[in-house]
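Position chain B relative to chain A; hints supplied.
2 protein chains.
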Amino acid sequence: MTIPSLDRLTSLLARVHDLNMAANVLEWDQETYMPEAAAEARAHQIATLRQLAHECFVSDEIGALLDALDREHADADPDHPDVRLLRVTRRDYDQATRLPARLVADLARAVALGKEAWKTARDTDTFATFEPALQRLVDLNLEKAEALGYADTRYDALLDQYEPGLDTATVRQVFDALRAALVPIVRAIAGQPPPDDRCLHRYYPQDRQWDFGMAVLRDIGFDFTRGRQDLSAHPFTTAFDISDVRLTTRVNERYFPSAFFGSLHEAGHGLYEQGIDPALARTPLADGASLGMHESQSRLWENLIGRSRAFWEHYYAPLQRLFPEALSDVSLDTFYRAINRVEPSLIRVEADEVTYNLHIMLRFELELALIEGSVAPADLPALWNAKMEDYLGLTPDTDANGVLQDVHWSLGAFGYFPTYALGNLLSAQLYDRLDADLGGVEPLVAAGDFAPILAWLREHVHRFGRSRSAQELMVAATGSGLQAGNWLAYVRRKYEALYDGLSL
Amino acid sequence: MTIPSLDRLTSLLARVHDLNMAANVLEWDQETYMPEAAAEARAHQIATLRQLAHECFVSDEIGALLDALDREHADADPDHPDVRLLRVTRRDYDQATRLPARLVADLARAVALGKEAWKTARDTDTFATFEPALQRLVDLNLEKAEALGYADTRYDALLDQYEPGLDTATVRQVFDALRAALVPIVRAIAGQPPPDDRCLHRYYPQDRQWDFGMAVLRDIGFDFTRGRQDLSAHPFTTAFDISDVRLTTRVNERYFPSAFFGSLHEAGHGLYEQGIDPALARTPLADGASLGMHESQSRLWENLIGRSRAFWEHYYAPLQRLFPEALSDVSLDTFYRAINRVEPSLIRVEADEVTYNLHIMLRFELELALIEGSVAPADLPALWNAKMEDYLGLTPDTDANGVLQDVHWSLGAFGYFPTYALGNLLSAQLYDRLDADLGGVEPLVAAGDFAPILAWLREHVHRFGRSRSAQELMVAATGSGLQAGNWLAYVRRKYEALYDGLSL
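Protein sequence lines, in the order shown, are assigned to chains A and B.
Per my numbering, the very first residue in the first sequence carries number -19; after that it's consecutive.
Per my numbering, the very first residue in the second sequence carries number -19; after that it's consecutive.
Here chain A stands alone, though its shape is the one from the complex (with noise of 0.2 Å):
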């Protein structure tokens, strides 16, 4: 071996990174351009990119030289990029490295027979097709919990994986003042009557729709000499390096919120994206600092911003200038009541903002006891049944709009779904330190300035890409960790001033 170097190290990683960032662009490909029969070859060419860059990346040169390098970093400036580098590599090398190569093949294994066995529960509505292949993956989650290593709880070590540094009892905290307040608001809006959202089920012609996304997303600075925008079957946001970020959307033509809500959603991950400093490209710290970090984005963007009644001050207007057929005979208050109707509702994917999270404890609150063994797969449907008339008042009619309804257990992926009720309470923390910064967002909203909020995001989050933690970004930009009070306030506020006379 030649002398330690960071130099040599970070073109390993570049090597590695440029592997996956192909992955990236093949699996992108695969859902917006490619020809239906190219699957199986796709699937080979992925796997093989896949499997490369993780060869490279756990290579003895690459743990020789982190070894070496810790050592010769042991007493410098924590702050250091090279420093911050060295961490967030070292990392990631342990989470690699620490699974053997047995649990990696049979999880693999394990995820690829529960996708299938999942499908077929969930068409045929028939949980106990599903639940032995559940079992095994949960207990290989347990193996790979032990493997990893954990402090307190083995959710920690899988937790971990999504929402780095983030730990169970924090979260179970959080989530426990969230639900306690949450449920109540919940039931006394759906007390009110419904706001009338038929104008959004009206005819809104494709191209039109796509290039109203466009403006907008180009307005509030979404930039597409670095990114793009595509149609695929589901939005989603990925990168292939700081300077080509791409977005997709679907448009339903009866359903206005579907195109709109969803870009404006993906391009706040994408801003995000487009906004980490050059200077960390083509290394392990180009990218988000965690997926809930991530989701505050699109969030804020989505619906804290998106769903304003200061962001509609701006934009009805020409939104009915280009949809007069369904929008003149509306008034800009129906149409933000419409965009804003909450209602409990079975299906995860299609709730509202505020029912959203209870969605996302129920399930957080069912996997923590399946990791932590209080719970067997069998008692799943009744528990989640029971859960959903508790928070939401609703019982499933089927287990296929009940527990089977999401695919992520079937993938092996327990400690995820809390991620995305972190990101819309750091949406909320980040936004309301934003409005003090900027003495008010909203009137910038309404005048369809967004440079200062975008500068403001770019400072105080996105540029440090991975090198910070999301705790340490959050008590860095607004003195405090995760919480719920931000949120919490941000709904009351909105939905008293949706329902006249209604007190939260």
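Do not rely on the hints blindly, as some may be mistaken.
What the hints assert, rightly or not - Derived coverage of chain A by chain B (criterion: at least 3 residues anywhere in the stretch with Cβ under 8 Å from a Cβ of chain B; other residues may be distant):
hint: 1; region: -7 to 5
hint: 2; region: 8 to 17
hint: 3; region: 89 to 96
hint: 4; region: 217 to 226
In case anyone wonders, no lab produced these hints; they're calculated from the structure.
Backbone N, C-alpha and C fix where the C-beta goes; we use that ideal spot for every residue, glycine too.
Same frame as chain A, but now just chain B:
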């Protein structure tokens, strides 16, 4: 090492194949959808993939497997699929390992500098700016030829990269015969009053051009479940698998032939890729036999079929209905003569099917002389202009419109140019046999019945991929190797009919 196994070899080769196909996806995306600012990151990613593909391919393990398997199959039937796979893999392996790393690096640097120097020289019309870089590229190609090895002349080694098994002497002999016959033909046609092609320069809206091209591609058998067409600045074809073949075209609303014949040309390449036996997927055999053979497929569909009178007997009525403003007052005969207008011109890529081969022969003669050392780069401009005068009766106004017009030499690609003309010759050889075997191609084309034509090409050319050489395929399909007679007869037949009383 495990015992030498063909399975192990094919699994290692599949990994190399996947890496190269992934690089193809990234290159396709670069030309079609990639945002402009992403060029640098994309260059890194593609370089990483190609470099890793090379490293994985030239590994000691593959070398040892090939040695052992070659010995094991020494007495096996040379037509056995395993033996054909081993032969092509051995050839590729020797080519990839014979070049010293120092030479590969020198070539890469010389190409990077050569491309820049060529661009500057072309833009400023100063050949001298390019001359030193060209000399360096010639010198390195001489070294390359020595490293690769050759039977007779160094140009053999370079030609062999693109046209495996074809030697310089054969090309020279065939081209000499072709040139001797073609120069007087071009002169005779140039002496005729030129067809009126003003109708081609009318307004053809982009979306209708697109729809027409797509409909014709479907008719001739391009399978859109295993491929697609997109727009790009320069038309090209690439494949990521037999199940995923991508064509591109460009549309000029003021010149009908640009998109349509471009699409037809690329579809000819694409049909070849789609026609390869699926059993060859993810092996080194999943590609065309040679560049010349590939070009024969594109030229056959573009020119011999697509510019035939029979083709437009089928398609002209629907074309007129699609573009009534442009074509309602234009007869089939006028249109047919317009798309077959022959005219000596300075620029290769704009040349018609008759003069095109002269542009190629000129380049072949000059690059052969460069490699043989009988001509120095400094001599090229004067020699180029003299040959243009000899062959086409024209003298370039500038070197930019003469010796500097093509990128190939600046990329160090000597031996590539002849494959364009070989494609033309092979297309006519195949067409004549196809015509005999099917009892007349024209009636089928006039009836829009392309299936028997495609089936014949699949049977005799496409399905073999690289498992047989172009020469083997030609002898098996037509009873003859490369020769100019069929193409010359085609040109004489077609253009004598097109110009009343002309005798060629």
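Would you list, in rising numerical order, the hints stated earlier that this structure does not obey?
3
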